[in-house]
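Visitor: For reference, the chains in residue letters:
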Amino acid sequence: MDRLSGGQVTGWRAGIAAALLALALWQAVIWATGVARFILPPPALVAQTIWDSRALLAQHAAITMAEVVIGLVMGAALGFVSAIALVASPMARALVRPMLVFSQAVPVFALAPILTLWLGFGLWSKIAMALIIIYFPVTSSFFDALMRTKHDWIGMARVMGASPARIMWHIRVPAALPGFASGLRLAAVYAPIGAIIGEWVGASRGLGYLMLLANGRAKTDLMFAALIVLAVLTVFLHAGVNKLCEKTLDRPDVC
Amino acid sequence: MNQVLRLTGSAAIGSTPIFSRVDLTLNPGTWTCLLGASGVGKSTVLRLFAGLAESVSFTGQISDPGRVALMAQQDLLLPWLTVLDNVLVGARLRGELPDKTKAHDVLDRVGLADHATKKPAALSGGQRQRVALARTLMEDCPVVLLDEPFSALDALTRLQMQDLTADLLEERTVLLVTHDPGEAARLGQSILIMTASGLVDVAIPSGPIPRPVDAADVLKAQADLLNQLRRQT
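From first to last, the protein sequence lines stand for chains G and F. Quick note, the first sequence lines up with residues -14 to 240 if you use the numbering used here. Quick note, the second sequence lines up with residues 5 to 237 if you use the numbering used here.
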């Protein structure tokens, strides 16, 4: 454990060091090229803009985060149930799995306008985008983990007289929770992408909308400010989900 | 259950034969040891009684032992459950009300009363196997199938586990599959060597089980079994 927490500290330090390095490079490019500030605003200006527009950014960030969190919860729940259904029924597996893989070949970006058409300009078309984008990683990693359940555990449960449903609930699902957790970690990073795409296509609120608006008015500093806020929020979301998974779903002692 | 269990026939996986012309009788209330080289099909016999041999095509007759308890080389403890919950897992899996008093009593009998709230990862290999024994006892079945349950343990722990298991599973119909002649000599009330051409009945040492490790006829029986095994392969 000591080694692990020690590694995490260096993880944080490395993260901060990487951010500082990126800022330095960013500033270096500006000094070296003398690029106009409406093309690439300097970090200090963006920081200033973040501070000055904090109310505006917070308001739009709250909308985007609401879409992301609702999409994440719904997508995780849907993925959880789907994976169990796929494992429980060979028929469902045969019919639905090729469809799932095929659906991944359709670029989600292409679906955004249709979802906006169907679900309107409000929250739901963005929640749907986030949900669609995370559904596959969650379902697929939980499904794989469920299928990998130690065969001897299932044999033991059958000798004990367990029904398939009870084997699922008492053996397969708990054994596969770490797999579900790795799906969730991926989902935490993908979900904001879905919400932002949804906002680009048609919205009147949210960080994606704000980016598009700022870009259209050549307010590059505000565009960068929104981008950085989004990135930071995504990092925190991932860290939060990671922490939650470590506390509830992971099992370092699985043997 | 005082029913004699019998298996007669042949088994194969696909077109590969596993065993043929086997005629095995398990007498009620006795320990039958099935000894043999690896790959001769000992475990398949046991899995047929357990109802776990769906990939095996069996031709012949086998008595239905009803619900059995199974203990294997791997303890198969569920790492996310406590020791107590692992002992109670059978009841949970059948949707029965778990009998915690009985589980504590069983844990006490295997000497793990103080470890009930621990996770399996916090136990030693011998302790884990004792939890598996407690879980087997908790099933309270008249027929118990033991599939090399002690072979992963160190020599001393193995000896202690043999004593404890023989004591706690007295009077039950036990099929013990093992590759250890010493174990068979200590625990078999009937000893059979499984070979490619069928079962060979072997004379057993005298005395009740578990027999002492240092008794002359137990050591003699162990040596004889080893010699026979060597000749069969």
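Hints are computed from structural coordinates only; laboratory data are not their basis. A few of these clues could be false.
What the hints assert, rightly or not - As a list, the in silico DSS-like pairs of lysine-lysine whose alpha-carbon atoms are at most 27 Å apart:
hint: 1; chain 1: F; residue 1: LYS104; chain 2: G; residue 2: LYS228
hint: 2; chain 1: G; residue 1: LYS228; chain 2: F; residue 2: LYS106
hint: 3; chain 1: F; residue 1: LYS122; chain 2: G; residue 2: LYS232
hint: 4; chain 1: F; residue 1: LYS123; chain 2: F; residue 2: LYS106
hint: 5; chain 1: G; residue 1: LYS135; chain 2: F; residue 2: LYS224
hint: 6; chain 1: G; residue 1: LYS232; chain 2: F; residue 2: LYS106
hint: 7; chain 1: F; residue 1: LYS106; chain 2: F; residue 2: LYS122
hint: 8; chain 1: G; residue 1: LYS232; chain 2: G; residue 2: LYS135
hint: 9; chain 1: G; residue 1: LYS204; chain 2: F; residue 2: LYS123
hint: 10; chain 1: F; residue 1: LYS122; chain 2: F; residue 2: LYS104
hint: 11; chain 1: F; residue 1: LYS104; chain 2: F; residue 2: LYS123
What the hints assert, rightly or not - Sample of chain G residues with no beta-carbon within 12 Å of chain F, all distances over it, derived:
hint: 12; residue: VAL144
hint: 13; residue: GLY146
hint: 14; residue: SER148
hint: 15; residue: ALA203
What the hints assert, rightly or not - If you want the ones that stay clear, here's a sample from chain F, every Cβ over 12 Å from chain G, calculated:
hint: 16; residue: SER19
hint: 17; residue: GLY55
hint: 18; residue: GLN77
hint: 19; residue: MET142
Even for Gly, the Cβ is constructed at its ideal location relative to N, Cα and C.
Visitor: Work down the list of hints and note, for each, if the structure agrees.
Guide: Going down the list of hints, with the structure as the test:
1. LYS104(F) <-> LYS228(G): 34 Å, violated
2. LYS228(G) <-> LYS106(F): 38 Å, violated
3. LYS122(F) <-> LYS232(G): 18 Å, holds
4. LYS123(F) <-> LYS106(F): The hint holds at about 19 Å.
5. LYS135(G) <-> LYS224(F): 40 Å, violated
6. LYS232(G) <-> LYS106(F): 32 Å, violated
7. LYS106(F) <-> LYS122(F): 18 Å, holds
8. LYS232(G) <-> LYS135(G): The given pair, whose Cα atoms are some 23 Å apart, holds under the 27 Å limit.
9. LYS204(G) <-> LYS123(F): Answer violated: LYS204(G) to LYS123(F) is near 58 Å, above 27 Å.
10. LYS122(F) <-> LYS104(F): Distance of about 15 Å is within 27 Å: holds.
11. LYS104(F) <-> LYS123(F): 17 Å, holds
12. VAL144: 5 Å, violated
13. GLY146: About 5 Å separates GLY146(G) from the closest Cβ of chain F, which leaves it inside 12 Å; violated.
14. SER148: Violated, because the least Cβ-Cβ distance between SER148(G) and chain F comes to about 8 Å, which does not exceed 12 Å.
15. ALA203: Correct as stated: the minimum Cβ-Cβ distance to chain F is 56 Å, above 12 Å.
16. SER19: With a cut-off of 12 Å, SER19(F) remains clear of chain G, as the shortest Cβ separation is near 23 Å.
17. GLY55: Violated, since 7 Å does not exceed 12 Å.
18. GLN77: Since the minimum Cβ distance to chain G is about 10 Å, GLN77(F) lies within 12 Å and the statement is violated.
19. MET142: 10 Å, violated
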